[in-house]
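J.: Residues per chain are reported as follows:
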Amino acid sequence: MKCEQYEELFAGWINGELTPAEREKLDQHLIGCAGCREELAAMQQIWDVMAEVKAPEPSANVRVKFQAMLDTYKESVQDQKSNWDGIKEQLSRLWQWQPRWPLAYSLAILLIGLGCGYLFFHTGKGAEQDQQLKELTSQVHELKQTMMLALLENPSASERIRGVSYTSEIKHADKEVIDALLATLNNDPNVNVRLSTLDALTHLANHQEVRQGLIQSIVQQDSPLMQSAIADVMLKLQEKRSVKPFKELLKQKNLDPGVKEKINQTITQLI
Amino acid sequence: MNSLTDNAIMLRVKDGDLDKMGLLFERYHRQLYGFLFHMTYHREVSEDMVQQVFYKMLRYRQTFTGSGQFIHWMYSIARNVLKDQGKRKQLQMQAGNAEQLADQLPGGITPEEQLEKKEARTGLYRAMEKLSDDHREILTLSRFQELKHQEIAQILNISEVAVKTRAHRALRELKNIYINAER
Ligand SMILES: [Zn+2]
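Those protein sequences? They're chains R and S, same order as listed. Counting from 1, position 48 in the first sequence corresponds to residue 48 in our numbering; the numbering is continuous, with no gaps. Counting from 1, position 77 in the second sequence corresponds to residue 77 in our numbering; the numbering is continuous, with no gaps.
Simulated from the structure, these hints should not be mistaken for lab results. Owing to the predicted nature of the structure, the values given are computational and were not obtained by experimental measurement. Beta carbons are placed, not taken as given, at the ideal position from N, Cα and C, and that holds for glycine. Any given hint could turn out to be false.
What the hints assert, rightly or not - Computed cross-link-like contacts, PhoX-like style, restricted to lysine-lysine with a CA-CA straight-line distance of at most 20 Å:
1) R:Lys65 <-> R:Lys54
2) S:Lys148 <-> R:Lys74
3) R:Lys240 <-> R:Lys54
4) S:Lys20 <-> S:Lys56
5) S:Lys118 <-> R:Lys65
6) R:Lys240 <-> R:Lys251
7) R:Lys144 <-> R:Lys175
8) S:Lys118 <-> S:Lys83
9) R:Lys236 <-> R:Lys253
10) S:Lys175 <-> S:Lys118
11) R:Lys240 <-> R:Lys262
12) S:Lys118 <-> R:Lys74
13) R:Lys262 <-> R:Lys247
14) R:Lys236 <-> R:Lys260
15) S:Lys56 <-> R:Lys74
16) R:Lys262 <-> R:Lys251
17) S:Lys175 <-> R:Lys54
18) S:Lys20 <-> R:Lys260
19) R:Lys251 <-> R:Lys236
20) S:Lys20 <-> R:Lys65
21) R:Lys74 <-> R:Lys54
22) R:Lys54 <-> S:Lys118
23) R:Lys54 <-> S:Lys130
24) S:Lys175 <-> S:Lys130
25) S:Lys56 <-> R:Lys54
26) S:Lys14 <-> R:Lys54
27) R:Lys262 <-> R:Lys244
28) S:Lys56 <-> S:Lys83
29) R:Lys253 <-> R:Lys240
30) S:Lys118 <-> S:Lys130
31) S:Lys14 <-> S:Lys83
32) S:Lys117 <-> S:Lys175
Claimed, not checked - Cβ pair distances, simulated, as ranges:
33) R:Val77 <-> S:Asp133: 31 to 39 Å
34) R:Asn187 <-> S:Pro111: 19 to 27 Å
35) S:Asn180 <-> R:Asn187: 28 to 36 Å
36) R:Ala21 <-> S:Asp133: 29 to 37 Å
37) R:Ser168 <-> S:Asp133: 19 to 27 Å
38) R:Thr72 <-> S:Thr65: 44 to 52 Å
39) R:Gln252 <-> S:Asn180: 52 to 60 Å
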C-alpha cells in the first residue's frame with residue numbers, strides 16, 4: 001500500500017504544520033487518490049466540529065482555593081525555617097483562644113435537628129405538628145443567617161470565608177444578608193475573603209440589588225486578582241452595564257498591565 | 001512584571017519568591033483546567049487537579065531547571081496527577097455527561113443552527129469519551145490546547161514522528177466512532 005507513507009502527513013496537513021515541500025508531496029498524491037482525499041476530508045470535518053467544543057470555564061472557587069493553598073504552603077515553609085519561632089507562636093496562640101463560633105453553630109443546628117426528630121415521633125398529629133415543624137425550620141434558617149452575619153465580623157479571615165460560604169445554605173437571601181455581603185466585598189482587608197464573597201454573590205445574581213452592587217464594586221477594587229475575577233463574573237453574567245465602570249477603571253494610572261488587557265477584552269466581548 | 005517569561009518567573013519561585021506562583025496561575029490555570037477537563041469530563045475533579053498541579057509545582061520547584069519550557073514541565077506534572085488519580089479511583093466518566101456538556105456551551109444564532117450545533121457537539125463528546133486515554137490526550141493537546149507537534153513530543157517524551165503517527169491514528173479513530181454513531 002503506497003498510501004500509508006502519506007498518512008504520516010495527514011495530521012500535519014490538518015494542523016497546518018507541513019513544510020511547503022511536504023505539502024506539495026501530499027497534494028500530488030491527493031490528485032490521483034480518491035481514497036486519501038475522502039479520508040482527509042472526513043478528518044478535516046471532525047477537526048472543525050472539535051472547534052465547537054471548548055472546556056467550560058473553571059469556577060471562581062479555583063482562584064480562592066489556589067490562594068489559600070499558596071498561603072498555607074508559605075506558612076508551612078516558614079514553620080520549617082524557624083522551628084523555635086514556631087513554638088513561640090503556637091504558645092502565644094494558646095493565650096488568644098476565642099469562642100469557636102462555628103462549633104457553637106453546629107451544636108445549635110444539631111439541637112434543633114434533635115428537636116424536630118423528637119416532635120416528629122412524639123407529638124400529636126396534624127396541623128399542630130406542622131406548625132411546630134415550620135417554626136423550627138424558620139428558626140434554623142434565622143440562626144444560619146445570624147451565624148453568617150456574626151462570622152463576617154470575625155477577626156480571622158478563614159472564619160469570615162466560612163461565613164460567606166454559609167450563604168449557599170440560606171434559601172432566601174434578604175436585604176440584610178445582601179448588604180453584609182456587599183460590604184464585605186468592598187471593604188474586607190483580605191483578598192481571599194473578597195474573592196469568596198464575589199463567588200457567593202455571583203450565585204445570587206438573580207437579585208437586582210446584587211447585580212447593582214457588583215457593578216458599583218468594580219471601581220472600588222484595587223487588587224489585580226479581584227479586578228480580573230470581577231471581569232470574569234461580568235462576562236459570565238453578560239452584564240453590559242459594567243462596561244462604563246470598566247472604562248472608568250482603565251483610567252487608573254497604576255492598573256496592572258495584565259488586568260488592563262483582560263478588561264479591554266471583556267469590554268470587547270460585552271459590547 | 002507581565003513581560004517576564006514563564007521560565008524567569010518560575011526560577012524566581014524556585015529561589016523562594018513563592019508569591020510569584022500567582023502570576024503563573026493567572027496565566028495558565030484556564031488552559032490547565034481545559035486539559036484536565038477533556039481528560040476527565042468532570043468539573044470538580046478537574047478543579048481539584050488544577051490545585052494539585054500547582055501544589056506539586058511549588059513543592060517540587062527545585063526540580064525545575066529552566067532548560068525546557070515552563071508549560072512542558074507543567075503538563076508533565078499534570079499527566080502525573082492524572083495517572084495517580086486514575087490509579088486511585090478509576091475515574092469513570094459520567095453517563096449522560098455528553099448532552100449536559102453540550103448544553104452548557106454557547107449555541108448558534110437561529111434555533112435550527114443551535115440544534116445542529118448541539119447535536120454535533122453531543123456526538124463529538126460521546127465519541128471523545130470512547131477514545132483511549134492516549135488518543136484523547138493527543139487530540140486534546142493538539143486541538144484544544146493548540147500545541148505544535150514538536151511541543152507535544154516534548155511533553156509526552158516521544159519523538160515527533162511518533163506524535164504525528166499517534167495524532168493521525170487518534171483522529172482516524174475519532175472520525176470512525178463519530179461517523180458510525182451517526183448511522
Ligand atoms: Zn492514497
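J.: State for each hint whether it applies.
T.: Hints versus structure:
Under the criterion of a C-alpha separation no larger than 20 Å, the hint pairing Lys65 of chain R with Lys54 of chain R is inconsistent with the structure, at around 23 Å. Taking the CA atoms of Lys148 of chain S and Lys74 of chain R, the gap is near 36 Å; set against the 20 Å cutoff, the hint is violated. Distance hint between Lys240 of chain R and Lys54 of chain R is unfulfilled; the C-alpha atoms sit about 24 Å from each other, more than 20 Å. For the hint linking Lys20 of chain S to Lys56 of chain S, the alpha-carbon distance of about 15 Å falls within 20 Å, and the restraint holds.
Distance check on the hinted pair: Lys118 of chain S and Lys65 of chain R sit about 33 Å apart at the alpha-carbon level, beyond 20 Å; violated. Between the alpha carbons of Lys240 of chain R and Lys251 of chain R the distance comes to roughly 19 Å, so the proposed pair stays at or under 20 Å and holds. In summary, the hint linking Lys144 of chain R to Lys175 of chain R is supported, as the alpha carbons are separated by about 15 Å, within the 20 Å threshold. The straight-line distance between the Cα atoms of Lys118 of chain S and Lys83 of chain S is roughly 31 Å, outside the 20 Å bound, and the hint therefore fails.
The straight-line distance between the Cα atoms of Lys236 of chain R and Lys253 of chain R is roughly 27 Å, outside the 20 Å bound, and the hint therefore fails. A hinted pair counts as satisfied when its Cα atoms are at most 20 Å apart, and Lys175 of chain S with Lys118 of chain S qualifies at roughly 18 Å. At most 20 Å may separate the alpha-carbon atoms for a hinted pair to count; Lys240 of chain R and Lys262 of chain R meet this at roughly 16 Å. Taken as a hint, the Lys118 of chain S and Lys74 of chain R pair is broken in the structure, with Cα atoms around 45 Å apart against an allowance of 20 Å.
Restraint check: the Cα-Cα separation between Lys262 of chain R and Lys247 of chain R comes to about 12 Å, which is no more than 20 Å; the hinted pair holds. Simply put, Lys236 of chain R and Lys260 of chain R have alpha-carbon atoms about 18 Å apart, close enough for the 20 Å limit, and the pair holds. Proximity of Lys56 of chain S to Lys74 of chain R is assessed by CA-CA distance (about 13 Å); at most 20 Å being required, the pair is judged to hold. With a C-alpha separation of about 14 Å, the suggested pairing of Lys262 of chain R with Lys251 of chain R holds against the 20 Å cut-off.
Distance hint between Lys175 of chain S and Lys54 of chain R is fulfilled; the C-alpha atoms sit about 18 Å from each other, no more than 20 Å. Simply put, Lys20 of chain S and Lys260 of chain R have alpha-carbon atoms about 19 Å apart, close enough for the 20 Å limit, and the pair holds. Distance restraint check for Lys251 of chain R and Lys236 of chain R: the Cα-Cα separation of roughly 23 Å exceeds the 20 Å cut-off, and the hinted pair is therefore not satisfied. Annotation: proposed proximity of Lys20 of chain S to Lys65 of chain R holds, straight-line Cα distance about 16 Å (limit 20 Å).
Distance hint between Lys74 of chain R and Lys54 of chain R is unfulfilled; the C-alpha atoms sit about 34 Å from each other, more than 20 Å. Among the hinted pairs, Lys54 of chain R with Lys118 of chain S is consistent with the structure: their alpha-carbon atoms are about 13 Å apart, no more than 20 Å. For the hint linking Lys54 of chain R to Lys130 of chain S, the alpha-carbon distance of about 18 Å falls within 20 Å, and the restraint holds. Restraint check for Lys175 of chain S and Lys130 of chain S: satisfied, since their Cα atoms lie roughly 12 Å apart, inside the 20 Å limit.
Proximity of Lys56 of chain S to Lys54 of chain R is assessed by CA-CA distance (about 26 Å); at most 20 Å being required, the pair is judged violated. Under the criterion of a C-alpha separation no larger than 20 Å, the hint pairing Lys14 of chain S with Lys54 of chain R is inconsistent with the structure, at around 33 Å. Distance check on the hinted pair: Lys262 of chain R and Lys244 of chain R sit about 15 Å apart at the alpha-carbon level, within 20 Å; holds. Our distance criterion of 20 Å between C-alpha atoms is met by Lys56 of chain S and Lys83 of chain S, whose separation comes to about 14 Å.
Taking the CA atoms of Lys253 of chain R and Lys240 of chain R, the gap is about 24 Å. The hint is violated against a cut of 20 Å. Between Lys118 of chain S and Lys130 of chain S the CA atoms are separated by roughly 19 Å; this keeps the pair inside 20 Å, and the hint holds. Between Lys14 of chain S and Lys83 of chain S the alpha-carbon distance is near 25 Å, which puts this suggested pair outside the 20 Å criterion. Straight-line distance between C-alpha atoms of Lys117 of chain S and Lys175 of chain S comes to about 17 Å, which keeps the hinted pair within the 20 Å bound.
Distance hint for Val77 of chain R and Asp133 of chain S: a CB-CB separation of about 35 Å, consistent with the stated range 31 to 39 Å. Take Asn187 of chain R and Pro111 of chain S: their Cβ atoms lie about 46 Å apart, and the range 19 to 27 Å is violated. A hinted range of 28 to 36 Å is violated for the C-beta pair Asn180 of chain S and Asn187 of chain R, which are about 59 Å apart. Judged by the Cβ atoms, the range 29 to 37 Å given for Ala21 of chain R and Asp133 of chain S holds: they are separated by roughly 34 Å.
Separation of Ser168 of chain R from Asp133 of chain S is about 34 Å and departs from the stated range, judged on CB atoms against 19 to 27 Å. Roughly 26 Å separates the CB atoms of Thr72 of chain R and Thr65 of chain S, a value that falls outside the hinted 44 to 52 Å. Hint check: Gln252 of chain R to Asn180 of chain S, Cβ distance near 56 Å, so the stated range 52 to 60 Å holds.
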